[in-house]
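Chains A and B, in that order, are what the protein sequence lines are. Count the first sequence with numbering that gives the first Met the number 0 and you get residues 0 to 131, in order. Count the second sequence with numbering that gives the first Met the number 0 and you get residues 0 to 135, in order.
These aren't lab readings, by the way, just hints derived from the structure by calculation.
Reference listing, derived: stretches of chain A covered by chain B, where coverage requires no fewer than 3 residues with Cβ under 8 Å from a Cβ of chain B:
(1) 25 to 38
(2) 44 to 56
(3) 70 to 80
(4) 84 to 96
(5) 115 to 127
Here are some chain B residues the structure puts well away from chain A; computed CB gaps all over 12 Å:
(6) Pro-6
(7) Val-7
(8) Arg-9
(9) His-14
(10) Trp-20
(11) Phe-64
(12) Phe-69
(13) Leu-72
(14) Gly-76
(15) Gly-99
(16) Ser-101
(17) Ala-102
(18) Ala-103
(19) Ala-113
(20) Ile-114
Computed from a prediction, not measured in an experiment: that's the story for all the values here. Positions of the beta carbon are idealized from the N, C-alpha and C atoms, including for glycine.
As a plain string of letters, each chain reads:
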Amino acid sequence: MAPGKMSTPLGRVRGLGAARSGTENFWRQRVTAVANVPLTIAFVLIVVSLLGRNHAAAAQILGSPLVAIIMLLFILSITTHMRIGMKEIIEDYIHEEPARVILLMANTFFTSCVALAAAYGILRLSFGVFGV
Amino acid sequence: MAETKTPVERPLSPHLLIYRWPLPMVMSIIHRITGAGLYFSTLLVAWWLMAAAAGPNPYSNFAAFMSSFFGRLLLFGYTWALLHHMLGGIRHLIWDTGHGFSAAERERLALATAIGSVSLTLILWVFGYLVMGGSH
Chain A
0 MAPGKMSTPL GRVRGLGAAR SGTENFWRQR VTAVANVPLT IAFVLIVVSL LGRNHAAAAQ
60 ILGSPLVAII MLLFILSITT HMRIGMKEII EDYIHEEPAR VILLMANTFF TSCVALAAAY
120 GILRLSFGVF GV
Chain B
0 MAETKTPVER PLSPHLLIYR WPLPMVMSII HRITGAGLYF STLLVAWWLM AAAAGPNPYS
60 NFAAFMSSFF GRLLLFGYTW ALLHHMLGGI RHLIWDTGHG FSAAERERLA LATAIGSVSL
120 TLILWVFGYL VMGGSH
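Just need the whole structure built from these sequences, with the hints factored in.
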């Protein structure tokens, strides 16, 4: 956004100031927290129902539409929640410039990789490579 | 003749770090620790799903790891952390509505989180072993 008339010349050059998105992470952390409650309960029930089952049974259940969609929603919601939560932890404890930026990037990379790996697994099962 | 005054027994200045931790503070710290633990434990969830997608052999490798002593220990810790973080999160959502801030309520909510997470974990594990039918 364009710097307003109230900002100093230096502030305008640096492009700093209110980004108008300060509550975005706060709000998203709440939205995912609310979503996480039913999704986590569903995830726990799915895991319990798969205990002791062999691969064929587990693959069939995990790939069935309802379970797959719940699992995808669960992964989407928790990894978003994880990224914001860990960002907060890093910002709280790491103040040195290079380390902080590197860790914040690593946080995004980690959560993206975990999210996509898990989603890939669910989708592959769901699209029936094992012939449901 | 001036009497020598015996020093009055005053409490010594307490060291700043030595005091009884309030329960809500302990719960706050545990909320963050369980959050960080869950962050890395999600690798197990990804491994599980990738193994299931990769086929019977990778899946049985995963199952073998999880049913080892270390695997079970991890899973037990993961169960508790998940439930504790969930209950702690519900507590935070209650606070977000502006309720539950009195001293008694804070204490009660903290206690409910601690007792709830431990008992739910135990119930779930007993139930889990019943589902397995004592085969493991």
